[in-house]
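> One-letter residues, chain by chain:
There are 4 protein chains.
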Amino acid sequence: MASKLSSKLFAVVAGAGPGTGRACAIRFSKAYPVVLLTRTAESYKDTVAEINNAGGKAIGISADTSDVKSLDSAFETIAKELPGLKLAAAIYNVGAGFQRKPFLELSVEDFDVAVGGNARGLFNFAQKTLPLLLEAVPESEHPPSLIITGATASIRGSYLFSTMAASMFARRALGQSLAREFGPKGVHVAHAIVDGVIDIPRTSHYNVNNGAEDGKIRADAIAESYWNLHTQHRSAFTQEIDIRPYVEKF
Amino acid sequence: MASKLSSKLFAVVAGAGPGTGRACAIRFSKAYPVVLLTRTAESYKDTVAEINNAGGKAIGISADTSDVKSLDSAFETIAKELPGLKLAAAIYNVGAGFQRKPFLELSVEDFDVAVGGNARGLFNFAQKTLPLLLEAVPESEHPPSLIITGATASIRGSYLFSTMAASMFARRALGQSLAREFGPKGVHVAHAIVDGVIDIPRTSHYNVNNGAEDGKIRADAIAESYWNLHTQHRSAFTQEIDIRPYVEKF
Amino acid sequence: MASKLSSKLFAVVAGAGPGTGRACAIRFSKAYPVVLLTRTAESYKDTVAEINNAGGKAIGISADTSDVKSLDSAFETIAKELPGLKLAAAIYNVGAGFQRKPFLELSVEDFDVAVGGNARGLFNFAQKTLPLLLEAVPESEHPPSLIITGATASIRGSYLFSTMAASMFARRALGQSLAREFGPKGVHVAHAIVDGVIDIPRTSHYNVNNGAEDGKIRADAIAESYWNLHTQHRSAFTQEIDIRPYVEKF
Amino acid sequence: MASKLSSKLFAVVAGAGPGTGRACAIRFSKAYPVVLLTRTAESYKDTVAEINNAGGKAIGISADTSDVKSLDSAFETIAKELPGLKLAAAIYNVGAGFQRKPFLELSVEDFDVAVGGNARGLFNFAQKTLPLLLEAVPESEHPPSLIITGATASIRGSYLFSTMAASMFARRALGQSLAREFGPKGVHVAHAIVDGVIDIPRTSHYNVNNGAEDGKIRADAIAESYWNLHTQHRSAFTQEIDIRPYVEKF
Numbered sequence: 087m088a089s090k091l092s093s094k095l096f097a098v099v100a101g102a103g104p105g106t107g108r109a110c111a112i113r114f115s116k117a118y119p120v121v122l123l124t125r126t127a128e129s130y131k132d133t134v135a136e137i138n139n140a141g142g143k144a145i146g147i148s149a150d151t152s153d154v155k156s157l158d159s160a161f162e163t164i165a166k167e168l169p170g171l172k173l174a175a176a177i178y179n180v181g182a183g184f185q186r187k188p189f190l191e192l193s194v195e196d197f198d199v200a201v202g203g204n205a206r207g208l209f210n211f212a213q214k215t216l217p218l219l220l221e222a223v224p225e226s227e228h229p230p231s232l233i234i235t236g237a238t239a240s241i242r243g244s245y246l247f248s249t250m251a252a253s254m255f256a257r258r259a260l261g262q263s264l265a266r267e268f269g270p271k272g273v274h275v276a277h278a279i280v281d282g283v284i285d286i287p288r289t290s291h292y293n294v295n296n297g298a299e300d301g302k303i304r305a306d307a308i309a310e311s312y313w314n315l316h317t318q319h320r321s322a323f324t325q326e327i328d329i330r331p332y333v334e335k336f
Numbered sequence: 087m088a089s090k091l092s093s094k095l096f097a098v099v100a101g102a103g104p105g106t107g108r109a110c111a112i113r114f115s116k117a118y119p120v121v122l123l124t125r126t127a128e129s130y131k132d133t134v135a136e137i138n139n140a141g142g143k144a145i146g147i148s149a150d151t152s153d154v155k156s157l158d159s160a161f162e163t164i165a166k167e168l169p170g171l172k173l174a175a176a177i178y179n180v181g182a183g184f185q186r187k188p189f190l191e192l193s194v195e196d197f198d199v200a201v202g203g204n205a206r207g208l209f210n211f212a213q214k215t216l217p218l219l220l221e222a223v224p225e226s227e228h229p230p231s232l233i234i235t236g237a238t239a240s241i242r243g244s245y246l247f248s249t250m251a252a253s254m255f256a257r258r259a260l261g262q263s264l265a266r267e268f269g270p271k272g273v274h275v276a277h278a279i280v281d282g283v284i285d286i287p288r289t290s291h292y293n294v295n296n297g298a299e300d301g302k303i304r305a306d307a308i309a310e311s312y313w314n315l316h317t318q319h320r321s322a323f324t325q326e327i328d329i330r331p332y333v334e335k336f
Numbered sequence: 087m088a089s090k091l092s093s094k095l096f097a098v099v100a101g102a103g104p105g106t107g108r109a110c111a112i113r114f115s116k117a118y119p120v121v122l123l124t125r126t127a128e129s130y131k132d133t134v135a136e137i138n139n140a141g142g143k144a145i146g147i148s149a150d151t152s153d154v155k156s157l158d159s160a161f162e163t164i165a166k167e168l169p170g171l172k173l174a175a176a177i178y179n180v181g182a183g184f185q186r187k188p189f190l191e192l193s194v195e196d197f198d199v200a201v202g203g204n205a206r207g208l209f210n211f212a213q214k215t216l217p218l219l220l221e222a223v224p225e226s227e228h229p230p231s232l233i234i235t236g237a238t239a240s241i242r243g244s245y246l247f248s249t250m251a252a253s254m255f256a257r258r259a260l261g262q263s264l265a266r267e268f269g270p271k272g273v274h275v276a277h278a279i280v281d282g283v284i285d286i287p288r289t290s291h292y293n294v295n296n297g298a299e300d301g302k303i304r305a306d307a308i309a310e311s312y313w314n315l316h317t318q319h320r321s322a323f324t325q326e327i328d329i330r331p332y333v334e335k336f
Numbered sequence: 087m088a089s090k091l092s093s094k095l096f097a098v099v100a101g102a103g104p105g106t107g108r109a110c111a112i113r114f115s116k117a118y119p120v121v122l123l124t125r126t127a128e129s130y131k132d133t134v135a136e137i138n139n140a141g142g143k144a145i146g147i148s149a150d151t152s153d154v155k156s157l158d159s160a161f162e163t164i165a166k167e168l169p170g171l172k173l174a175a176a177i178y179n180v181g182a183g184f185q186r187k188p189f190l191e192l193s194v195e196d197f198d199v200a201v202g203g204n205a206r207g208l209f210n211f212a213q214k215t216l217p218l219l220l221e222a223v224p225e226s227e228h229p230p231s232l233i234i235t236g237a238t239a240s241i242r243g244s245y246l247f248s249t250m251a252a253s254m255f256a257r258r259a260l261g262q263s264l265a266r267e268f269g270p271k272g273v274h275v276a277h278a279i280v281d282g283v284i285d286i287p288r289t290s291h292y293n294v295n296n297g298a299e300d301g302k303i304r305a306d307a308i309a310e311s312y313w314n315l316h317t318q319h320r321s322a323f324t325q326e327i328d329i330r331p332y333v334e335k336f
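Chains as they are written, first to last, in our numbering: chain D, 87 to 336; chain V, 87 to 336; chain U, 87 to 336; chain R, 87 to 336.
Hints may contain errors.
Copies of the same chain look alike in the list, so a pair counts if it works inside one copy or between any two.
[Unchecked claim] Quick list of in silico lysine-lysine cross-link-like pairs, BS3-like style, CA-CA up to 30 Å:
hint, residue 1, residue 2
1, K116, K131
2, K335, K187
3, K116, K90
4, K187, K90
5, K335, K116
6, K155, K131
7, K335, K172
8, K187, K116
9, K335, K271
10, K90, K335
11, K187, K172
Don't read these hints as lab results, they were simulated from the structure.
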């Protein structure tokens, strides 16, 4: 497989724990060396090993996207580890912890935590990756892409989800703003509203959609849609898609 | 190529003139025999020949989707020409003529023409194709799909576009309703908001987006996105995408 | 009360049966003579009597807004009955009958009936009233207004509501288009998404929102919001509002 | 005028500088004693004097809504100054400063400032006011209301407005979440998308909408719409309105 890998381009996935992030790392590793950023090494190490064992190339770096210095340091490491490579794709998939609580039981710290990972982290990640994506425009076969994972709460504020919605609406707003600013420069910024439960070990006991077969979203199916976004021709960019199981109520 | 063609499944494209319809017919012909429905034979004959010459299989039928009888007759022809084949994909790409006029210069006939082709035609087409798509659920590798072409006017009513918007909003509403009704039965109903000028002979002299390279949408890029919708896993259906050139203001 | 009535202006309410239409007629009759248009005299006669008995002025006319000739005739009658009066407010509240059925049990006639009353009727009504509203711009204290009643189905397509949604999306599209075209000419076009069950005799036995007090929408409260739209200053027009009971899930 | 003032209820306006905040304070002072919260006394003092001179009752308090302690202190002062009064209406109109800059010229501090005032400030303000609004439910003639000022950037992310949009999307999300949580408890939470330039001294030299008369939004017209939201019957709450000049492109 290694021989098919681009020798000039790479991809980076922030929030590469089990589920979408891991699946994106694996999918994009078929074409590019991949960097996985997660808060702890624990979250990336199995996926990094799996990709490297399969003949791809993966690097894991611990970083907190909500912290500028931590992210600066991560990108310094990337520059050293992958010298001269340009950035073809950046995926922001970080999920901030959030408190699922009635509004009056929340504290402003809960608000800060949600906004920190879900929106401020994307702000920081975009600040680091967009200059690199712009540099890759002339060389990348596919338009360099910043792909952002959203959720139901990105378009709907609701009971128990006030801080989640605030931070995910903000995330979507950043994506939209960046699409309008960087699209004309050749960078594809896309946002995916993932509306449903993802099928990962942690959700294996969840009973969703009455236990229907394929009632939870397969992470590799999300990753395939992200790859399809990345490979769109620049005359036909998609800014936003929704993704949900066939049986999901919406 | 013929050997790769499904021998059990076919696709149908309504509104298969130059642009999106033609490109979809060609793209889907790589996997399925394809039926092209257009109002006049003039509109389909070159594409049909091109596909057949390339080793695919294509059939053209003249039909007016806004007219139930015309469509009934077309599907009787299909049943004869492709006996026993199940329907894997149906694409509705019909563009009704519409009057680009100030509201008070329009007549109710203008309203009827726009609604006829843009919404009533989809109603009829969905009535004919959904039973066939449902039948194909157990056999189709990819979830049988009804894919609907929309436009900017599908989500925005504006000056000079009142009848266009009325009919395209209606079309989108049908798509959404059908997605919620038929998704749980395994049929993928998706709607694409095509926001920009498509690069076809008729628009070759249009100066859009300041004449930027790739400032018009390549029809084959739309078709590729439709194919990607068709091949999504049922745990991860997209109901709506937007498609526009990287330089388009939106 | 008659003395407070405008002697130069009038209002017209299409779809003035029990509920929103009746309540609007009563509310606007406090300021203007009011014309009630309904398909049958049965639907307007009580409200007309009530307004006239209360010292207001009301006229009832039988008309089918989906039929151009019927509407032409109605406006000829209006011109005779209210000579020289200008139109300050036009309210479109017609509810087409629609079949609440699975999609494959519908016929294209069901589609036509829904579109006829819900969208084509507004097209016709707007064609008749906009010229009159434009004429009133210099004389009306409040910006002449075309106010359109929408519903949940105006923004959401769903199972059993495919034709309802198609026609109500179309209605909303017309409203938006007309707002953008006629707003700059001084006519206020507004659309109200009424999301809930209205409290009328026909719905008295409905158990909605767990039977909560005020769990159904009071028609006079809708009418008050329409009046507030009508009296907005032209520097601060609202194009769309939603209206729902405090206990409604949305 | 004082005699008409409620002796049991009061209103609070956060962000009561010139424009919408000032106009709301004046409008609501016709019915309630009003508290004006602004970052500096300079911003509230003229309006407070104007209301008191006109026979109303107004109190100004300096507070920074993005700072929990500052807001705690302000509400302690309110409890002392207006002992026993319940809160009928709370208006959040704070406008955070924001940097109108290309994305790559922004720093994360710019993000924090925008989110601080536009979203975190509302979070804090809602935490303080919702318990008071809930207490007033049984006594207030009109449903106690939390009304939030939004902007074009609340629903559209764009070039130069990335941090503004992120923070205003977040604000809207909070409003939606709170409406769904507190509506059923009798508190009316509404959000207004103010889409245009407000006519205040600072904008007097702006040439908007080609200098059309009434091409800027009159602040008192916004305040009137807020009052109309506040006085809606609980069976007919509006969650969101847009407000723009008749000549505004949208």
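> The structure should be examined with respect to each hint, and the outcome stated for every one.
Comparing the hints with the structure gives:
Taking the shortest Cα distances, K116 and K131 sit within 30 Å of each other inside one copy (18 Å), while across copies they are farther apart (40 Å). For a Cα distance limit of 30 Å, the shortest separation of K335 from K187 qualifies both inside one copy, at 23 Å, and across copies, at 18 Å. Within a single copy, K116 and K90 get their C-alpha atoms as close as 8 Å, and across copies as close as 25 Å, so both meet the 30 Å cut-off. For the identical chains of this complex, K187 and K90 are neighbours neither inside a copy (48 Å) nor across copies (41 Å), given an alpha-carbon limit of 30 Å.
For a Cα distance limit of 30 Å, the shortest separation of K335 from K116 qualifies neither inside one copy, at 34 Å, nor across copies, at 34 Å. Only within a single protomer do K155 and K131 lie at most 30 Å apart by alpha-carbon distance; the minimum there is 22 Å, versus 43 Å between protomers. Only between protomers do K335 and K172 lie at most 30 Å apart by alpha-carbon distance; the minimum there is 28 Å, versus 41 Å within a single protomer. When the C-alpha separation of K187 and K116 is checked against a cutoff of 30 Å, the pair qualifies neither within a copy, at 41 Å, nor between copies, at 37 Å.
For a Cα distance limit of 30 Å, the shortest separation of K335 from K271 across copies, 13 Å, qualifies, whereas the shortest one inside one copy, 38 Å, does not. Within a single copy, K90 and K335 get their C-alpha atoms no closer than 41 Å, and across copies no closer than 36 Å, so neither meets the 30 Å cut-off. Only between protomers do K187 and K172 lie at most 30 Å apart by alpha-carbon distance; the minimum there is 26 Å, versus 43 Å within a single protomer.
Hints 4, 5, 8, 10 from the list above are not met by this structure, while the remaining hints are.
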